[in-house]
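Engineer: Assemble the whole structure, with the sequences as input and the hints as a guide.
Spelled out from the first residue to the last, the chains are:
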Amino acid sequence: MKQEQARQPVERRVEQTAIPHPAVEEWNGETYYGQASVKPSPFDWRVAAYVYVAGLAGSAQIIATLADRLGDERDETTIRNGRFLAVAGVAIGAPLLIMDLKTPSRFYNMLRIYRTSSPMSFGSYILGAFGAASGLTAVAHLIGERRADGGRSPMRRAADMTQVPAAFLGAGMSTYTAALLSATSTPLWASAPQAMAAQFGTSSMATAAAALSLGEQIAGNADNSRRLDGLAAVAAAGELIATAFAEKRHRETGVGATLRDGPIGMSYKTGALALGLGVPLVCHSINALSKRPSRGLSILGSLALLAGGMVMRQAIFQAGNKSAERPDDYFRLTQRIPEGAKPRRRVDRAVDARGRLP
Amino acid sequence: MKRIRSRSLSDRIGSFVRDWSVPRQIAGQSSATKAAESSLSRGLRPRLEEADTVGTNICPYCAVGCSQLMYAKNGRVIHVEGDPRSPINQGTLCPKGAATLGLMTMPDRLDKVLYRAPHSDQWEEKPMDWAMDRIAHLTKRTRDETFVHKLPDGTIVNHTLGVGSLGGATLDNEENYLIKKLFSGGLGMVWIENQARV
Amino acid sequence: MGVHPRALDYAESFPNHVIPDESELTCGTKIEPGKSYGFFTDTTLCIGCKACEVACKEWNGLPADHLGLTGNSYDNTGDLGANTWRHVAFVEKIGSGGDRAQEMKPFQSNWLMMSDVCKHCANAPCLEACPTGSIFRTEFDTVVVQQDICNGCGYCVPACPFGVVELSLEDGKAHKCTLCYDRLKGGLEPACAKACPTDSIQFGEINELFERAGKRVEDLHEKGATDAYLYGAPDTPGATGGLKHLNAFFLLTDRPEVYNLPVAPTRASDRVRPSFLTGLAAMAGLTLAAAALMSSGRERGR
Amino acid sequence: MPSLGATYGRGAATLAQWDLANSDFILVMGSNMAENHPIAFRFVMHAKEKGATVVHADPRFTRTSALADIHAPLRAGTDIAFLGGIIRYILENDLWFKEYAMEYTNIATIISPDYQGPDELDGVFSGWDEDSKSYVLDSWQYEGMKVPSSLAEHHATTTESFDETSKSTSEGPPPQDRTLQHPNCVYQIMKRHYARYTPEMVERVTGCRADTFLKVCEAMTRNSGRDRTGAICYAVGWTHHSTGVQMIRGAGIIQALLGNVGRPGGGVLALRGHTSIQGSTDIPTLYDMLPGYLQQPHAYRKHKDFDQYLETEQTPTGWWHNFPKYAVSLLKAWYGDHAAKSNGFGYEWLPKIVGDHSQLPMTMAMRDGVIRGMFFLGQNPAIGGSNSKLVQAGLAKLDWMVVRDCADTETASFWKDGHLVRDGDMRPEDIGTEVFLMPGSLAGEKDGTFTNTHRLLQWHDKVVDGPGESQSELWFIYHLGLRLKDLYAGSEKERDKPMLNLTWTYPEMGPDRDPSAEAVLKEINGYTWADRKQLTGISDIKDDGSTACGCWIYSGVFPQDDHNQSRSRRADGPEGPGTHLGWGFAWPENRRTLCNRASADPEGKPWSEKKRLIWWDEENESWTGHDSVDFPKDKAPGFDPDWSSHPTGMDALDGRSPYIMIADGKAALFAPSGMKDGPLPAHYEPLESPVHNAVYPRQSNPVAKRWEEPDNQLAKPGDPRFPYAFTTYRLTEHHSGGTPTRSVPVTAELQPEGFAEIPTELARELGIGNTDWIVISTLRGEIETRALVTDRMQPFRLAEGRVVHQVGMPWHFGWKGYATGDVANVLTSVVGDPNTSMHENKALVCNVRPGRLTRGAPTRGDG
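Chains as they are written, first to last, in our numbering: chain A, 1 to 358; chain B, 1001 to 1198; chain C, 2001 to 2302; chain D, 3001 to 3863.
The set of hints was computed from the structure by calculation and includes no laboratory data.
Quick reminder that beta carbons are idealized off the backbone N, C-alpha and C, glycines included.
Incorrect hints may have been included.
Only pairs whose alpha carbons sit at most 20 Å apart, straight line, appear in this in silico EDC-like list of lysine to aspartate or glutamate [claimed, not checked]:
| no. | chain 1 | residue 1 | chain 2 | residue 2 |
| --- | --- | --- | --- | --- |
| 1 | D | Lys-3633 | D | Glu-3619 |
| 2 | D | Lys-3416 | B | Asp-1144 |
| 3 | D | Lys-3497 | B | Glu-1145 |
| 4 | D | Lys-3485 | B | Asp-1144 |
| 5 | C | Lys-2185 | B | Glu-1049 |
| 6 | D | Lys-3302 | B | Asp-1153 |
| 7 | D | Lys-3493 | B | Asp-1144 |
| 8 | D | Lys-3397 | B | Glu-1145 |
Some chain C residues flagged as far from chain A (calculated, every beta-carbon gap over 10 Å) [what the hints assert, rightly or not]:
| no. | residue |
| --- | --- |
| 9 | Leu-2008 |
| 10 | Thr-2132 |
| 11 | Val-2157 |
| 12 | Asp-2199 |
| 13 | Glu-2205 |
| 14 | Glu-2211 |
| 15 | Arg-2212 |
| 16 | Glu-2222 |
Structural biologist: Below, the structure is given as structure tokens:
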């Protein structure tokens, strides 16, 4: 039991007349000695990193597949990078998850059962299938690539076949983690399920596009990079819109405090939003408008996007766990809204009554 | 709650296949109930069924006198809980009574004779027989040195004011009886008291 | 005020075996697989003695948790967790403006006491979240974490709308009240319900309990405790929405938040579909955008 | 126990706790029943379900109060003012149960003319002798008659004794005025005595609002009479006072006036503390009694030889007339063949006491070096004893001490980390006591019986062996006795005769040579000396030495060789009578409700169908009913003694005398003998009180035992250095001295640290925050503890707007085990109730300041 600083017993006196009936009376902010009502998740930076990596890998596969089907030989580096990114994502992500298990020796039990109600259950199958499909695609691509005659070797054609399911699973990889977080009772995560999914999806696509754009810059073909920057900018704009929706939902349900105030709020606003979205949008729009797009701006935009994506995930994880420790947040989220009433804007005080905020 | 020891690969594969739910789901079992049931759950039994002795005990704490069922296996107590046959507690217990198992098996439980020599600053272990002989010797010596047969005015008192005994409320009637019989009837001690006045 | 008639069948001082179907003697309910069982916790009968906490720890061999005076009235246990599956809450409401209540509503006034436990929800978010199938619904309609399956992923911990289940760092598994699953298999009433001196914790078949609880609320209203209501029973002021009903439900006399309970908890898995579909829609949109960008780029190139 | 003994004849609970379920009204006072007797409180809850009113009168708002209908807060130590107010309310409004009280109590008896009450003599009764600080009881007797007391331990110092004049109770019935007009009849005396206990006075003294007090009186009187009964439950909340015995007397008077005693759901339930504390007073490891409440021979009383002892102790009328049978049989059990008529059955070998040898003077005797060797058998006086530093100073003076317990206790290790060492007064090297700490077995590790709070003997089985070298006290005492017998063998000295003649052979069992507890219980039950046949009950006990009986009140627990009634586990089913005669053995003669003759009206018919228990069966001329009858089976209700033949014993009691142990068979509203500090309860302030006595000029109980010593000083009333009232109490999670719960992790966790409860107003005044460290000090010492600031403690507004704050503290804590805290008994004093030498840890004064104790500085409580 954390030895909180000595607190006067709860000062509020409830008149001893008829105790209010929960269905009727408004909640007056009284909690059980300020103690948490739900428990924070045991997910730490490793799971947040996995979500970032999974999103990036998933979207990279999508871009690679699009490039393969719609592009031509000039997109060869994008396809190769995309496919290797997908496999690398799984190779890094899966061990991160297994390390996070408290009994890692039973990691295989994730595939013991299939439950549609649990994003972590069907998510494990998505991760497995995506890993397999991307793996095959990458291996096939690797072997097929050495044929010099430019034609599509049988292995390459195999890769083209497996990349389609991989791409679809890639879409899953990019957003199932948002469903995983929102299917909890953690106030911050549970308050905006759709907005967070959009946020994660757009962020995955943006980071993947940024990564591939970097790849193109390194490989020297600037116009490919410009096209990918365009995609990154579109995705980043989408993420901005999703973030706005999420912020609106948080305010309505009164749980936004942990993501807005304190060190986590600060890092989220500067790192995730300003750096992660603002900078890339500015850079890529400048490039888009000017005749001679500058290589530096594109790289800067891409790097900012990549960094911002990671900060956003870590911030949402930590802010979520922090909001679970605050009973005020959870009780505001779970107030009974009388049917038909428009969800009113609930006062969610920046600093709660006990002044306990990170 | 001990950590399950590491298991061999074949053992892991065997238990995974035995408890694998997906095939059972395909065979129509629900993923929330039957399909998810593990072999540990199927074979689960209350540990009271392993007890070879079950006796009736009376709670050692307060004077309400709740009756308890004490389960033991191989001479060691494995569980204590309320006795449903008693008209006093009918299977219920208070927090202290419910902790009787904890009391009997507490880490601080004394299980050997400790002795502190005069002016020493630590305990030392001593055999039981040595302690009993020494206590008998000390009791006799102090009793004989302080025994008063007659008062100056001739009244026979047959008592000693040099040795006292405190305690009895937590003991059996039979123990109280022998204490009073030996200390008062035998040695003539008058300083005999217990928690009745505490 | 007699004991159960069957008690006379085991009158010897050394019965030397578990009394068959002892639950009939202790709570008048014969336990049979296939039926739904749960707790009705009538907080107006609770005397805050914590016998339930001790009985639970002694039966399940749970280690002691943190040792410290919390200052929260007589509640030094804090909350439910991996090592504490029963927690008695204390809320003092004795004084108002200097003078103290003397004549009070019948049955537990001015010092609310309540033994909190896992709710064994009908739609259990922890079960629905558990990816390994370790958490499952037993043949007694109770929710149990199977220790031979759990790999400590911890997803059930944030899923629980009441903050009950917790990971134990000693053995890396999730733990919570099992409604004495092993005892139920042996026809024994759960340890806490059996120990509860004033039968504030009543174990029984769930529909019987709902009925009994309903009568109890009416009886309390007649006696003047007009603020008594059921929390977690179907169609009552304290109904728990998406979770359907709670197999361990409560009779409370103040707002749920006072007992650290949410007034309208939600079913976590209801948010999977909207979130995942919106996510996929976003991805689809972006994929089209990407495709458009990809193809427009190619004309320019040729 | 003397108060219930003097009022109803036996010092024990009059009803079984499961009988509370039949009560229509329950007053829990002087007890925190829901916390300290939770399973007994079950039945209070069952009664409440059936509509009973539950009242909790207590200085604090506790878990019992939370479940009560009315909580009457009263300042600690003012219970008699409250009870006196109830008695006045009953008498003024004429609400007493006339048919019951007129016949079954001494309300109409006329008291000797020279009796004067405290209302006339400035707070003392007539017969007060200022310099000897004691009463002469002659002026309290019935007119022209000397009434013997029904209990043993009251004689110690009073000059009153039985001689020819006390035979007067056999001459004729006590003088009575059934019209209740005679100025000296008990009724009028009580009306005069309690006239001043008005509701306003109750509010001024106790701080409980008058309207709340009147609600309690109204609820109590509404629930008595023919078909409604009420019960009073009390515990150490009453006994821990210098006027404790008189508080219980107050409850006894109320229940007799309202006609509740001896009836289903009615009576006084003494909630005793330890598991067999009732047993340890029945078979007393106490200084002043022999087993069965027989008086321990006294050097300064007419106890020179056995004949004089019997003549003094045998009461002419009432059941105690059988005294010789029980004394002879006890001596026969102890000294066997050596006990014969010729040598007074070995009476002279019994040690004679020379005064008060209770725990308080024992503490002084240890400190003064009178006692050189001590046995501590499952008791922890360093925590439980008053003035803990004085106790530890005494322990340091001992030559040797033996502690037998299930864990290392504060008493056993006082020399290592006790207050003497902690505060730097002494170093271990300076303490010369030789200490033995021996492991004791617990209930499940040894056979034997406990006697619970309502006289029920229950056998507990030996299921497992104790760990390691743990042995039971039975084993320890038996083998100590064997060794002493060897050491004394062959001695010719007169002084060693008792040891040599003591019967000490019991069958031994198992490798450890465990003495058979069943054999000891058989001896307690008693057997014929010649052929060792078990006695079937009390009536089998003879006074000619042909029977041996260890404790006459337990006779009947082992009626046949193979029938141990205390081991019977057959309780009544739902349709049964509900007296559970098949579960265990209740003394005497398995009676579950004492004085149950009173559950029938004078003609022998039940007062009402709802409250039917015992009734007179016309055809076969005997009493019958659901409980074993506490009355001669064949004595018809209409029987009247033939006074011409100077009847003795039970022949002197008419058919309408339920209280068979009392000389006149009637409940003693006015107790002519038996009490050392007054025939009627009168309010006196505790020995340390923040205020002056507003009822009488006399401040505190004049007969209270005081030991004014430098290390046991008492604060004067209203001492400004100690402005706050202080009380100690227990928690449900811990058990008295704390050893059996503070070292058990699962209970230690529930209340892990010592604390003191402070009212919110006082905390704000002193700037103390919740869980802050505070120092509490009295004239005996200082301790530091954590503050639990709560509204459950409240300030009391007394006379002239005076506000008294009250601070309270559980006294379990010590430095051993997982849950630790400073010892509350460092603050308490060695003072005693005149009748029982019970300390006054429930009401004293203290000072409180924020902060902590500076270690090592010798702390003297000079504020």
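Engineer: Next step is simple, just say for each hint if it's right about the structure.
Structural biologist: Status of the hints after comparison with the structure:
no.	hint	verdict
1	Lys-3633/D / Glu-3619/D	13 Å, holds
2	Lys-3416/D / Asp-1144/B	30 Å, violated
3	Lys-3497/D / Glu-1145/B	16 Å, holds
4	Lys-3485/D / Asp-1144/B	14 Å, holds
5	Lys-2185/C / Glu-1049/B	11 Å, holds
6	Lys-3302/D / Asp-1153/B	14 Å, holds
7	Lys-3493/D / Asp-1144/B	11 Å, holds
8	Lys-3397/D / Glu-1145/B	17 Å, holds
9	Leu-2008	45 Å, holds
10	Thr-2132	4 Å, violated
11	Val-2157	5 Å, violated
12	Asp-2199	23 Å, holds
13	Glu-2205	27 Å, holds
14	Glu-2211	21 Å, holds
15	Arg-2212	21 Å, holds
16	Glu-2222	15 Å, holds
The earlier numbered hints that this structure contradicts are 2, 10, 11.
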